[in-house]
Every structure is written in C-alpha cells, then in structure tokens.
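Student: Just so you know, the protein sequences line up as chains A and B, in that order.
So in full-length UniProt numbering, spot 29 of the first sequence is number 29, and the numbers just go up one at a time.
So in full-length UniProt numbering, spot 311 of the second sequence is number 311, and the numbers just go up one at a time.
Treat the hints as calculated values from the structure; they're not laboratory data.
The beta carbon of each residue, even a glycine, is placed where N, CA and C say it ideally should be.
Accuracy of the hints is not assured; some may be wrong.
Stated by the list, open to error - If you want the footprint, here are the derived chain B segments under chain A, 3+ residues with CB under 8 Å:
(1) 90-98
(2) 332-339
To be verified - If you want a taste of the chain B side facing chain A, the calculated C-beta under 10 Å gives, among others:
(3) Gly170
(4) Arg240
(5) Glu275
(6) Ile278
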Amino acid sequence: MSATLERYPAHLHPGYRTQARALRVAAVAPVAEDVVHVTLVDPAGVPLTPYEPGAHLVLTVGTDAAGEKQRNAYSLTGDGVVPRTYEISVLLQRPEDGGAGGSARVHALAVGDLVEVEGPRSSFAPRHDQRHTLLVAAGIGVTPVLSHARAVARWGGSAEILYSYRPGRGAHLEELRALAEQPGITLHEVVGREASAALLAERLADQPLGTHAYACGPPSFLEAYEAAAERACWPASRVHLERFAAPELDPGVLFSAVLADGTSLEVPPGTSLLEALLAAGRPVPNLCRQGVCGECVVPVRSGEVEHRDLVLSDAEREAGDVLLSCVSRAACEGGVIEVEV
Amino acid sequence: MTLAPENPLAPETPAAFPVRGHTARLPWPFPDDLEAFRYSVNVEPARLVRQTAAGSWGGTIVDLGGEEYGAIMADRRRILDADPHRVRLMPGMGPACWDLLVYYLRDLAISYPHVMELSEHGDVFHWRNHALGTDQRFVVGDASTLPYDPMTFLGREIPDDLLLVKERDGHLCFDAGLVTFAAAWSVSFDVGMTMTEIHNPVPRLTREGVTSRAEQFLRRLPADQVYRRVNWTLSASGSRKLDVSLEELPEWGTDIPALVRDEDWARLQLRIEVEHFIRLPMTGAVTFNIRTHMTSLEEIRQIPAWRRQLAQVVLELPEDLAAYKGFLDYREPAMAWLTAPDRTDPDRTASEKELA
Ligand SMILES: Cc1cc2nc3c(=O)[nH]c(=O)nc-3n(C[C@H](O)[C@H](O)[C@H](O)COP(=O)(O)OP(=O)(O)OC[C@H]3O[C@@H](n4cnc5c(N)ncnc54)[C@H](O)[C@@H]3O)c2cc1C
Ligand code: HEM
Ligand code: FES
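Looking at chain A on its own, in the form it has when it is part of the complex (with noise of 0.2 Å):
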C-alpha cells in the first residue's frame, strides 16, 4: 500500500515561513522629514526568512470602509542573509497628496506594537551572474536600492550608486556614504531634476560590459531612466526597476468575461475585472491593485487583452494565456475574453 500517512510542513526550521504571521515592533526612528525607519522582529526572537536583494514585506496597515484588510508593501532595507531583523523606511503620503492612510498608520506604530506581515517576497531581485551594477535611487525610492548595495558590499561584488534626492530628505544617505568607502563601490549624490537626468545619462553611457542597471523612484524618475538607457543602447534584459505605484489608468471599456463554468460578467468601464470576479464571489488572490505586484493573475483561454500591468514581459503578452485582472481589460468595447476561474 503506498497509502498516505502524514503531512507534514513543508519546512521544518521556523526561519521559513513566508504566511501571515505577527511580528513585533523593536524601533522606530525617524531617518529624514517625514520618513519613518521600523525594526521588526519575531516576538518568539527565531530567526526571520531570508530573503533576496530588493524584496519587499507585505504589512497589513489596517482595514478600509468595507472591512477589508488593507495591505501596503515595503521594501527590506537589509541584505537578506539570515536576518534577526526586517527593516523598512516608510515617507508618509497625507491624504492630499493621494495617500490612503496606510503609511500614516505605519507612522504611528511604536516600540512593542504587533504587525501582520507577509512574505517576503521578492520581485526586484538582482541577476546572480552580474558582474558589475549600476543602481539608480531617487527619493524614497532608496531602500530596495540600499538593500542591493548592502548585498553587493556583502558578498565582494562591485556597484556604482546613483542617488537623486531633496535636501534633508535623503533617507540612508549615511549608509550608503559609509558602504562607498569599500573598495568597488562608488555614490553619486545628485540634487534636482534636471542634475539627475543629466548624470543619470552620464553614468549609463559608461558601464562596463555585462553591467546590470536597477532603478526604484517615483513613476516620472523611473521613465526618465528607461528613457536614458534606450538612449545608451542599454538591452532591455539588463534594465531593471521597480515602481511603488502605478499611473494614474484611464476608466477603461464594457466588456464581459466569461468565466470557466460558462458564466458572463459585464465589467463596465472604472470597474476592473478582478473587483467584478470578488463580488460575483470568485476568490482571486490580489494585492496592490495597480498591476504592478503580480498577484491576481489569471489564466485566459480566448479574446483579445488590452495589458495594463507593468508586470508582465513582452514575450508573456505576445503568448496572450494569462492576464492581470485589477488593470487589463478587453481590448476594444464589447469585447469578450474567456478567463479560466
């Protein structure tokens, strides 16, 4: 009989779980105007799951109007080698300027506190064979990058740091200044936009061969970049980046979905194809529902997508066979895509 006995959980040393579980809060220090520097630990004090270069940490922040959970991520300032602690910086975003009161919320945590997290997860994570990296900062968008350059001092690699900042906002400006007197790693402080775009197209016209690029910063940044290394002649393949929010999309057309048991659902324009699968009680897994974490994909058997994340390759949207449901829609008005839920 090869009759099944026994499950047991997949990994037996506790520093592997990547699932919903509480941790404490140890320290809370400003870092610049209006950033917040949290230190979390395991309240049983095991050690934490190593994670990769660039990974970010899923918080819940707390619960919106409909009593849903609200979950914000924050990128892991540490190298990631067997870690005691998870560090993330955190710039509050006031309500006028679009925030919806997750990072006012990480504000107010204080030492002892318990948080909800998940993962880490990692989708900003640097090629093993790079041999030289070029990693470009701008704002708050300096701590996957710390996290890179901490990686890079760690295991003797060698890197060049570009970090674009306002005056008195340049969280970690320290840490980075102290992990440039290392043999292999150079800083480049820049103040201003136009500074930075100009020495942004500097520094990419003059890596080495097999250089890796990586880039986190507000939206305009990240297109300036991508811009100035398709000047250089940069392969897309060595350009990397993460962005921490999505534009602003447009509502979008009528279209329906017609699910794996042969039901139709119309989703009309400013309604996304994920929110209209949870209220006819489909469960999609879904996060940042801004097509940039990856998490409510979904398998497509027919129609023609109109892709609106910033998660999929070219080449997995030429294949056409999966879609990201909070953003992509059907591609022209009335159209109807085949979804495998």
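Dock chain B with the ligands against chain A, hints included.
Tutor: Chain B with the ligands only, in chain A's frame:
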C-alpha cells in the same frame, strides 16, 4: 545513537513484511496500481510518508541511509578528494550555495537531533555531526571560515547529489552542482545548460511537453512548499556502486555485458532517485537534490508485489524508453528470472500459484 529520523508525528508502522534495513527503507518508485510507466511531471509534496510492500519512506528531506550512512559518505568523500571536477559552480552562484548550506544544516539538526546539532549566534554557526565527527564553526558568507566551499562542505555531510537551478534570460539553468553519483551523465558537461538542453537526450520528454511543464513548475515553485519526485532505471552496474557517471565509464562500462553473458540476473540493480525541489529564499535558487538508492533483483525477488510490478513495467515499456534506460537488450531474460517460481521456497511457490 540512532540515525532514525525524529518524527514525533509519524505513527508506528509495522513493516508489512519481515524485512529490515535497506529494503524496508527503500522508496519504491511505483504507485501500487501502476502497470505501465510513462514520463510525466510526477511531483508530490515532500515529507509525505509512503508505505510500501516492505516498509515505508519519505518522512524527511534528507535520508541518511541508516547503517549505510558511513559507507556512502566515505565513498562520496573519496570521489570528491580524487576528482575536484565533480563540483562545478557557474559565476555568481556563491550566495546560492550558502543558502543551500544554511537550509540543509537547519533541517538536519531538527530531523536528526541525536546525531546532528546546529547553534546560531547571528551569522556565526556551529555545526556538529556526531556520526561523522564533524565539529565546525563558521560565519555565513565567509568562505575562509570553512575548510571547503559551502556546497562541498554540505556534500561531505549528506548522501545527496546537490544541484541548483537559477533563472537566466528567461530560462532555468543548471548553474551549480556537486554530483558524484550520476547515472551516465556528467556534471562538467551539463553545468550551465538550460533544462531543455539537459533533457535533449531523453526520448519523448521535450516533444511531449514534459520538459516545459517541468520548467513551468519549477519557475512557479512557491517559497512555502517543498516538493519531490522519484525517477528510476536499471543501473549500468551490477553492484551497489552509486557512481556510474561518465567520468567513471572505464570502471563500470564492462559490468553489464559481463553480467548479461553470465546471466547473473540476481546482481542487476534497480536504481531509484528521489529528488527534492526547494526554493531557497535568500537567492531564489531552486534545488534539484538527488538521493540515489540501489536494490538488487535478488532483493526485489523477496517481495512478491515488487517482483510482479517491476517485471510488468519493464516489459511493457516502449522500445525507445527501454533503449534510453539501457535495458532494451536484456529485459526479457532478466524479468523472466525475476518472476520465475522458486521451488525451494514453499511460501513463494504458493504465492505464484495464487497468481496463476
Ligand atoms: C513593491 C513595493 C515596495 C514598496 N516599498 C516602499 C518603501 O520601501 N517605502 C515606502 O514608503 N513605500 C513603499 N511602497 C509604497 C507603499 O506600499 C504605499 O503605497 C505607500 O506607503 C502609500 O500608502 P498609503 O496607504 O498611504 O496609500 P496607498 O493605499 O498605497 O495609496 C496610494 C495611491 O494608490 C491609490 N490606490 C490605493 N488603493 C487603490 C485601489 N484599491 N484601487 C485603485 N487605486 C488605489 C490611491 O488612490 C493613491 O493614489 C512600496 C510599494 C510597492 C508596490
Ligand atoms: C520536475 C522537474 C523534472 C522532471 C519531470 C525531469 C524529468 C526527467 C526524466 C524523465 C529524465 C529521464 C530519466 C530516466 O528515464 O532515467 C530526466 C533525465 C535527466 N534530468 Fe531531469 N527532470 C526534471 C528536472 C531536472 C533538473 C532541474 C535537472 C538539472 C538540474 C535535471 C537533470 C537531468 C539530467 C542530467 C538527466 C539525464 C539526462 C541524460 O541522459 O543526459 N532534471 N529528467
Ligand atoms: S493585484 Fe497586484 S497586479 Fe493585480
């Protein structure tokens, strides 16, 4: 001291047959009702305990091999000392090897607490393996604190061949390996290849879409689950010898022709490989660690359910698969020997009658 895994949850399972040791621990590769074998993405969650006709297996990720542990490790260390090319690392795989080492030492210390101990103070680890006499302090990430690179250090403590795959330019590549017990392939030849390139010699696999489904599976392997897979063949050697790699071809190349000539079928070995897939969190590398087990037709013959099933599966296998696995030319006489009633054993004769 015991090498039995500590598994407080595992119920006592009396062996269904009075066999002990090697046979009782053997990961029999076929489900009970399987009559015909074809390639598929045959993966299942790890740590699932499977009962077989002779015992059970599978509660731990690492199977030290009970009383055979010392001998297997002596063989492994001898091969590594003699041939440094059995360890091959592509550029940038150092961190993934540390990731592998940390994961396995932590797992071993929990699975085998009477034999293995690990203490951690930040990045400073202290590893003790009382069965092999290892006592090593090291700093994670600092190669100068270990006598070998981290993959070799681990390979000298556990019987598994160690393979790591990582994504490069949209393909999963076999970018680091310590392999001393390969079945007619060579780590030096295969390292750096994509999964498609590696599986090219296997008939049907890529054409029937198994390779790309396997790659999809590994690419999506979640961080919170561990999977395993079992592979089997008849070994290219008529002994327990685990190392039938291309490097050692002169050592084993004449074994099977001699065995076939002498019709010495009892010595023929079923080779079973249990492979574990783990996504290592610090680097995103995925393991494909292979634990190889051998059992002779003589041993299989003792277990009526096994002899019947193996003969059925081997004889039914299409010619191209049988040729790839290397037994097309001798499978009939070998399986005839395996299933022939043995008149000196009244029990077995009875069971054969029952069959007929
Ligand atoms: C991978 C990743 C890493 C990040 N790392 C960091 C970091 O290290 N530090 C940091 O400060 N921030 C980071 N962020 C941003 C962070 O997750 C929050 O977005 C930010 O803190 C603002 O949170 P909030 O709750 O105040 O506003 P949010 O809820 O994030 O709202 C911001 C904007 O999104 C819109 N929005 C919110 N919810 C929806 C919805 N359901 N549908 C449509 N639009 C919506 C809002 O209208 C607003 O314009 C990261 C984001 C990502 C995706
Ligand atoms: C789910 C994943 C995988 C599946 C289903 C799979 C399947 C197979 C199968 C069916 C064979 C033929 C074996 C036989 O008949 O004896 C094979 C051979 C082999 N596999 Fe895989 N495999 C997987 C992953 C991998 C990975 C990740 C590696 C390497 C890192 C690998 C390396 C090899 C090698 C080296 C061979 C021998 C090829 C030869 O004859 O030269 N496999 N695999
Ligand atoms: S929920 Fe993040 S991409 Fe859709």
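Student: So, for every hint listed, does it hold in this structure?
Tutor: Evaluation of the provided hints:
1. 90-98: holds (count 8)
2. 332-339: Contact hint for the segment 332-339 of chain B vs chain A: violated, 0 residues under 8 Å.
3. Gly170: At 7 Å from the nearest chain A Cβ, Gly170(B) passes the 10 Å test, so the hint holds.
4. Arg240: Hint violated; Arg240(B) Cβ to chain A Cβ min 25 Å, cut 10 Å.
5. Glu275: Given a least distance of 16 Å, the restraint on Glu275(B) is violated.
6. Ile278: With a minimum Cβ separation of about 8 Å from chain A (threshold 10 Å), the hint on Ile278(B) holds.
Consistency note: the structure conflicts with the earlier hints numbered 2, 4 and 5.
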